[in-house]
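For the protein sequence lines, the chains are A and B, in the order given.
Here this note's numbering is used: the first residue of the first sequence is 183, the next is one more, and so on.
Here this note's numbering is used: the first residue of the second sequence is 23, the next is one more, and so on.
Note that these hints are calculated values from the structure, not bench results.
Heads up, a few of these hints could be off.
[Claimed, not checked] Taking CB as the label site, the calculated pair distances span: (1) 346(A) with 307(B): 49 to 57 angstroms; (2) 298(A) with 108(B): 45 to 53 angstroms; (3) 504(B) with 282(A): 41 to 49 angstroms.
C-beta: ideal position from N, C-alpha, C; glycine also.
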Amino acid sequence: MAPKPDSQSASAATPADASSQFSMDPMFHLLKVIPYSFLRPPRLRLKFPSLSLPSPMTVFSLLLLTYFMVVSGIVYDVIVEPPGIGSTQDPATGSVRPVVFLPGRVNGQYIIEGLSSGFMFVLGGIGIVLLDLALDKNRAKSVKASYATAGISSIVIAYVMSTLFIRIKIPAYLR
Amino acid sequence: MSSMISSDLLKPFKLKTKQQELLIRVSILCLVYILAFITRLFSVLRYESMIHEFDPYFNYRTTLYLTQNGFYDFWNWFDSESWYPLGRIIGGTLYPGLMVTAALIYRLLHFLRFAVHIREVCVLTAPFFASNTTLVAYFFGKEIWDSGAGLVAAILIAVCPGYISRSVAGSYDNEGVAIFALLFTFYLFVKAVNTGSLAWGLASAFGYFYMVSAWGGYVFIINLIPLYVLVLLITGRYSMRLYVAYNCMYILGMLLAMQIRFVGFQHVQSGEHMAAMGVFFLMQVFYFLDWVKHMLSDTKLFQAFLKITVTFAVAVGAVALGVGMVSGYISPWTGRFYSLLDPTYAKDHIPIIASVSEHQPTAWSSFMFDFHILLFLFPAGLYFCFKRLSDATIFIVMYGLTSLYFAGVMVRLILVATPAVCLISAIAVSATVKNLTVLLRSKNKVVQTGSTKGTSSGKASSKASLDQSQPFQKNGAMALLFGAFYLLSKYATHCTWVTSEAYSSPSIVLAARGAHGNRVIFDDYREAYFWLRQNTPPDAKVMSWWDYGYQITAMGNRTVIVDNNTWNNTHIATVGRAMSSYEDEAYEIMRSLDVDYVLVVFGGVTGYSSDDINKFLWMVRIGGGVFPVIREPDYLVNGEYRVDKGAAPKMLNCLMYKLSYYRFGELVTEYGRPPGYDRARGVEIGNKDIKLEHLEEAFTTSNWIVRIYKVKPPNNRW
Numbered sequence: 183m184a185p186k187p188d189s190q191s192a193s194a195a196t197p198a199d200a201s202s203q204f205s206m207d208p209m210f211h212l213l214k215v216i217p218y219s220f221l222r223p224p225r226l227r228l229k230f231p232s233l234s235l236p237s238p239m240t241v242f243s244l245l246l247l248t249y250f251m252v253v254s255g256i257v258y259d260v261i262v263e264p265p266g267i268g269s270t271q272d273p274a275t276g277s278v279r280p281v282v283f284l285p286g287r288v289n290g291q292y293i294i295e296g297l298s299s300g301f302m303f304v305l306g307g308i309g310i311v312l313l314d315l316a317l318d319k320n321r322a323k324s325v326k327a328s329y330a331t332a333g334i335s336s337i338v339i340a341y342v343m344s345t346l347f348i349r350i351k352i353p354a355y356l357r
Numbered sequence: 023m024s025s026m027i028s029s030d031l032l033k034p035f036k037l038k039t040k041q042q043e044l045l046i047r048v049s050i051l052c053l054v055y056i057l058a059f060i061t062r063l064f065s066v067l068r069y070e071s072m073i074h075e076f077d078p079y080f081n082y083r084t085t086l087y088l089t090q091n092g093f094y095d096f097w098n099w100f101d102s103e104s105w106y107p108l109g110r111i112i113g114g115t116l117y118p119g120l121m122v123t124a125a126l127i128y129r130l131l132h133f134l135r136f137a138v139h140i141r142e143v144c145v146l147t148a149p150f151f152a153s154n155t156t157l158v159a160y161f162f163g164k165e166i167w168d169s170g171a172g173l174v175a176a177i178l179i180a181v182c183p184g185y186i187s188r189s190v191a192g193s194y195d196n197e198g199v200a201i202f203a204l205l206f207t208f209y210l211f212v213k214a215v216n217t218g219s220l221a222w223g224l225a226s227a228f229g230y231f232y233m234v235s236a237w238g239g240y241v242f243i244i245n246l247i248p249l250y251v252l253v254l255l256i257t258g259r260y261s262m263r264l265y266v267a268y269n270c271m272y273i274l275g276m277l278l279a280m281q282i283r284f285v286g287f288q289h290v291q292s293g294e295h296m297a298a299m300g301v302f303f304l305m306q307v308f309y310f311l312d313w314v315k316h317m318l319s320d321t322k323l324f325q326a327f328l329k330i331t332v333t334f335a336v337a338v339g340a341v342a343l344g345v346g347m348v349s350g351y352i353s354p355w356t357g358r359f360y361s362l363l364d365p366t367y368a369k370d371h372i373p374i375i376a377s378v379s380e381h382q383p384t385a386w387s388s389f390m391f392d393f394h395i396l397l398f399l400f401p402a403g404l405y406f407c408f409k410r411l412s413d414a415t416i417f418i419v420m421y422g423l424t425s426l427y428f429a430g431v432m433v434r435l436i437l438v439a440t441p442a443v444c445l446i447s448a449i450a451v452s453a454t455v456k457n458l459t460v461l462l463r464s465k466n467k468v469v470q471t472g473s474t475k476g477t478s479s480g481k482a483s484s485k486a487s488l489d490q491s492q493p494f495q496k497n498g499a500m501a502l503l504f505g506a507f508y509l510l511s512k513y514a515t516h517c518t519w520v521t522s523e524a525y526s527s528p529s530i531v532l533a534a535r536g537a538h539g540n541r542v543i544f545d546d547y548r549e550a551y552f553w554l555r556q557n558t559p560p561d562a563k564v565m566s567w568w569d570y571g572y573q574i575t576a577m578g579n580r581t582v583i584v585d586n587n588t589w590n591n592t593h594i595a596t597v598g599r600a601m602s603s604y605e606d607e608a609y610e611i612m613r614s615l616d617v618d619y620v621l622v623v624f625g626g627v628t629g630y631s632s633d634d635i636n637k638f639l640w641m642v643r644i645g646g647g648v649f650p651v652i653r654e655p656d657y658l659v660n661g662e663y664r665v666d667k668g669a670a671p672k673m674l675n676c677l678m679y680k681l682s683y684y685r686f687g688e689l690v691t692e693y694g695r696p697p698g699y700d701r702a703r704g705v706e707i708g709n710k711d712i713k714l715e716h717l718e719e720a721f722t723t724s725n726w727i728v729r730i731y732k733v734k735p736p737n738n739r740w
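Given only the sequences and the hints, what does the whole structure look like? Please build it.
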């Protein structure tokens, strides 16, 4: 609200500049009296930082990241604090073998299995997005073809892996 | 000649394209309506038409009371048969929407001379409202995107396991009706924002009233809608339509919500509802500034005025909120909803909330189980919404993301996220299928333009190259459409399998596979409750853990000490203390509460794992939270919970242990194991020689699942 002092203006000219601007702001008038009648404000070139809304696609990528974290079960990880990966002891040899999927319950996981499943879900979503980008008319044909292949392969891989994961975790699935 | 006659005969049946489209849409919606109803009938066909679980028994009992005694008696009902000796003001502590809805359907059927029992109406209320939800989903999808997306949304929500889990036939609980009310309110509000009409705003206020009367989750609506309005204001989408819609809905909705006794004045007094009020005042400030801007012609002056007004309004709001909270008029967030924002809160401070299995956070497999391919379609749907931003798509994106976050915090809330996930996935499916079919149809257009453009040689070569790629594209699109169809059919298979295997069990009747693969049914719960009803004096008081309270009151018709309402933590802690103490101390507590019978659930013979010994540590924690004399480490050995020979001595002699394992030491439960082998824990019990001094065994069911003990009167003094 206070006017920016010119770089060429004389040092004593700042009160005169201020009075030439009419302002409704009571704080401005108060500040004019209390410190700045005897203090000299320095000559700076400051710009008020302008906030602008981010573009929709930026917001979308942020939301995709949040979706990945929620669907990987990060709240479960924070509260229940399961190990990153489980372990069992082989009864015959006595060696400790890692167990990736927590067996026995539907609502339980280890951290790594959650993250990898969440990644598969996001990969499937991105595959469909790539398919839509491939059908956009204003691109070169080679780009469209590569988007289409990437999209289809992402969807196929994501679906196959997710079904495999759930089949490992719940042995009685679909039987 | 004959062809002319046949075409004349068929003429009245030949429909124009618009009529064909209408016919297809209506028939799809009818089929989806029927599908949503019949997929929820598995347990009725396998067992019988009965009420499931625990909470629905309370709802059933109150609905029975309502139909027998009328609305005034129901609204003013004080029940002395639960929470002895405190009693419970039922009229003021329940959400009446479900009971009133079922009673109205019952009266309507009786008016039409269908003499059905109220139990059948209660059992089938939830599937009926699930079918209605599919219709609302169709209209909502039509509002957000187009009618194709609406149809896909209706189909997806009809079979989605996340919704089926709480709306199966027999699950007579608030959520069955509440999800319909939630989606209906949101649809009416989005319609009001899109059209700006006062009539739709009024309708959304009444929809909100129905939601408030149906479920405590209405707090989600009263916080999501202000958040949505705030986002619209920030992104510069303020308009007169938004102003009319929000004001109408907030004021009328708030006034109507105060008619429910359980809610009372919470809309102006509780911290959870303050966001709505804050946004209401912010809207008035926005309107005022808009009006001033319209009147002023000087922009510099307006900028200054804007800054002053906004600072002043924010300052006044903050001061008012501060004064309200400090003086105690505005209550802070209650534990149940605060634990949604800070999930670690319940674990440390409120064990009774943390103990409920539905309140656990969600793992990835629960998401996959309840959503299947919708988890892939959700991010794609978000992308399409962001590509075509409008007031309605912003709403559905916000609803989807907030509800998905809360679903991640608590498994039970996957139910609230299901409509949003289905709608957004429907957008993805509809948009992708539209793209592919446009590709499929584009070949005909090129051929037509080619024929009208003549035969110039320059165009011939380009036409040839186009023709080469067209069949490839057309085949590719066809293959992708088949792929989409395959994925959706896998979704349908998954949903039906999950419904049949996981979500159709009545919980009160247990089923297992016998040795030869035949199905064995355990009906012990109902056997025990009917024994109580027929063999105990009418004024007998029964002490059990709070899980079984509603069922004992509804089926056994006896007074209980604590039940599932869990409104009095100290009373529950008293029962927990009694269960965890030695028999003499427990007898003192039971005499002070006038207890006549004690009921415990024991799964050692059948291998049933949800019995009281497995829940025992929660009894210790809750009891220890109020009475520090009960300490959890006393019952553990090296931090481990055991019932065999190496168990802690306090564990081997506490009341719960004695009541569960009385006479169990003589029983052989499994071939090749010693007597007293507990099949649920997989160990042989430690203390087999149990003597009871102050209680005697009254009844044990045929599979030893429910055991009832009579409390003996004190010895005669001489």
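Non-conforming hints, listed in increasing numerical order: Number 3 - this is the single hint that the structure violates.
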